[in-house]
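> For the protein sequence lines, the chains are E and C, in the order given.
Numbering of the first sequence is given in our numbering, commencing with residue 1 and proceeding in unit increments.
Numbering of the second sequence is given in our numbering, commencing with residue 1 and proceeding in unit increments.
Don't read these hints as lab results, they were simulated from the structure.
All figures in this text were calculated on a predicted structure; none of them were measured in a lab.
Wrong hints could be hidden among the right ones.
Since the list gives no way to pick one copy over another, a pair counts as held whenever it fits inside one copy or between any two copies.
[Said to hold, decoys possible] DSBU-like cross-link-like pairs, simulated, lysine-lysine; straight-line CA separation at most 30 Å:
1) K217 - K182
2) K217 - K39
3) K84 - K246
4) K121 - K217
5) K217 - K246
Protein chains: 2
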Amino acid sequence: MKKCLGKVPGLAVILVGQRRDSLTYVHNKIIACEEVGMKSVVTELPTDCADADVQNAVMRFNKDPSIHGILVQLPLPQHLDEEKILDALCLEKDVDGFHPLNMGNLALRGREPLFTPCTPKACIELLIRSGVQIMGKKAARHHATVTIVHAFTENPEQITSEADIVVSAAGVPSLVRGNWIKSGATVIDVGTSPVEDPSCEDGYRLVGDVCFEEVIKVASVITPVPGGVGPMTVTMLLVNTLDSAKRMLNFT
Amino acid sequence: MKKCLGKVPGLAVILVGQRRDSLTYVHNKIIACEEVGMKSVVTELPTDCADADVQNAVMRFNKDPSIHGILVQLPLPQHLDEEKILDALCLEKDVDGFHPLNMGNLALRGREPLFTPCTPKACIELLIRSGVQIMGKKAARHHATVTIVHAFTENPEQITSEADIVVSAAGVPSLVRGNWIKSGATVIDVGTSPVEDPSCEDGYRLVGDVCFEEVIKVASVITPVPGGVGPMTVTMLLVNTLDSAKRMLNFT
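Put together the whole structure using the sequences plus the hints.
So this is what it looks like as C-alpha cells:
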C-alpha cells in the first residue's frame with residue numbers, strides 16, 4: 001500500500017483519563033502500529049472532560065482521511081455517556097466493531113458487518129492457528145451477565161467440565177479452577193483484571209479468569225494472561241484497520 | 001388512544017407471492033388487528049415482482065402517518081434481495097425488530113432496541129405467564145445453524161436432556177423426541193413446518209419440531225404447534241405496533 005499509493009493505514013486512539021490498565025493497552029496498540037508500519041495518533045483527554053470533548057475528538061478523526069480506524073479506549077469515566085460517544089463514530093472507521101449497526105449485521109444470518117469485534121475475532125484466530133476444530137465441539141463461554149441464548153447454571157463448573165473449548169471472559173481472577181476443565185480441553189482466557197502488586201514496576205499486574213497453574217495440568221491448549229488473547233486482540237485491531245484502509249482507498 | 005386522539009395504531013403487511021403458509025400467517029395477523037381494534041393494511045405483490053416494487057411499497061408505508069408498524073412477510077421469493085428490502089424499512093416502524101440497528105442494540109449490553117423481535121419476545125412472555133423461572137435455569141436452544149456462543153454438539157439430545165427449558169427452532173418436524181427431554185422440563189416449540197396433508201382444508205398442516213405425543217409425557221409444560229408460540233408471536237407484533245404508535249403520537 002505504501003509502495004503503490006504512498007499511503008499507510010492510520011489508527012486513532014482516544015484515551016480519557018489515566019487508568020493504568022488503559023494506559024498499558026493504548027501503549028501496546030501504538031507499539032504494534034509502529035512495528036507493522038502503520039500510522040497511529042493518540043488523543044488524550046482529562047478525566048473530567050465533557051461528552052462534547054470526546055465527541056469532538058471522534059468527529060475530527062471521522063473527517064481525517066489519513067485515519068482509517070478510530071478506537072475509543074473503554075471503560076470511559078462514569079460521568080461520560082459511552083453510548084452517545086460511540087454512536088458519533090463513523091461506521092466505516094469502527095475498527096472495534098462496537099457500533100450497533102456492525103453488531104446487528106454480525107448477529108443476522110447472511111449479513112456481513114464491516115468489522116468483527118477484535119477480541120472474539122482473536123479467540124477464533126487463536127483456535128484456528130492452534131489447529132483446534134471448532135465445528136461440532138462443545139464450547140462454553142462465560143460472561144459476567146446471563147444472556148438468554150446461553151447454557152447457564154448455578155453450577156458453571158458442571159458445564160465447563162463437559163466442554164471441549166472453554167472461553168472465559170468473566171473478569172473474575174482465578175474463577176476457573178482445575179476441576180472445572182475436562183482433560184484435554186482447550187482453554188481461552190479472555191479475562192484481564194488489574195490486581196494491585198507493589199512488587200511490579202507499574203504497581204499492578206494483569207491476571208486472567210483462569211487459575212493457570214491448576215488448569216495447565218488438565219488442558220491440552222491454554223492461553224496465558226498476559227500474553228495470550230491480549231496481543232492477538234491488538235493484532236486483530238491492526239487487521240481491521242488495514243481492511244478499513246484497503247476499503248477506503250479501493251486497494252485490493 | 002382512539003378516545004383521546006381519535007387515532008388507532010396501524011399495521012402494514014407486505015406479502016409477495018402466494019405461499020400458503022405465508023397467506024395463513026398474514027391472515028392471522030389481520031384478524032388479530034381487527035379483534036383489538038387496530039387498523040391493518042395488506043399490500044399483495046405478485047411472485048415475479050422486482051426488488052423496486054417491494055421497496056416502493058415499503059417506502060410508501062414509511063411515509064404514511066397512519067401506519068406505525070411495517071411487516072414484510074418472510075420468506076421472500078428467492079430472486080428478491082431480502083437485505084436490501086428490509087434495509088429500506090424505516091427504523092421507527094420495524095415492529096418485527098429485524099433491522100440490523102435494532103438487532104445490534106438488542107445484542108449490546110446497556111442499550112435498548114426500539115423493538116424486540118416478536119418470536120423470542122413471545123417465548124419469554126410464555127415462560128413468564130406460565131410462572132417458569134428463567135434465571136439460573138439450564139436452557140437449550142436449537143437453531144438450524146451453529147452459532148459461536150452456543151453449546152453445540154453432535155449429540156444434541158445429550159444437552160437437551162439436561163435442560164430445564166428447551167426452546168426448539170430448527171424447522172425439522174419431530175426432531176425433538178421424548179428421550180431428549182428431562183422429566184419436568186419446559187418445552188417451547190418454535191418450529192413450524194408446513195407438511196402436505198390432503199385431508200386438511202388448505203391441503204397442508206403446520207407441524208412443530210417437537211414430537212408432541214412423546215414429549216408431553218415427560219415435560220411439565222409444553223407449547224403445541226399450531227396454537228402455541230404462533231398466536232403469542234402475533235400478540236407481540238400487536239404490542240410492538242401499539243408501542244410504536246404511542247411513541248410516534250407521544251401518547252403515554
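> Against this structure, judge whether each hint is valid.
So, going through the hints one by one against the coordinates:
Taking the closest pair of Cα atoms, K217 and K182 come within 30 Å of each other only inside a single copy of the chain (11 Å); across copies the shortest separation is 34 Å, beyond that limit. In this assembly of identical chains, K217 and K39 lie within 30 Å of each other by CA distance neither inside one copy nor across copies; the values are 42 Å within and 65 Å between. Proximity of K84 and K246 under a CA criterion of 30 Å is satisfied in both settings, with 28 Å inside one chain copy and 24 Å between copies. Proximity of K121 and K217 under a CA criterion of 30 Å is satisfied intra-copy only: 27 Å inside one chain copy versus 44 Å between copies.
In the homo-oligomer, the alpha carbons of K217 and K246 never lie at most 30 Å apart, since the shortest distance is 44 Å inside one protomer and 59 Å across protomers.
The earlier numbered hints that this structure contradicts are 2 and 5.
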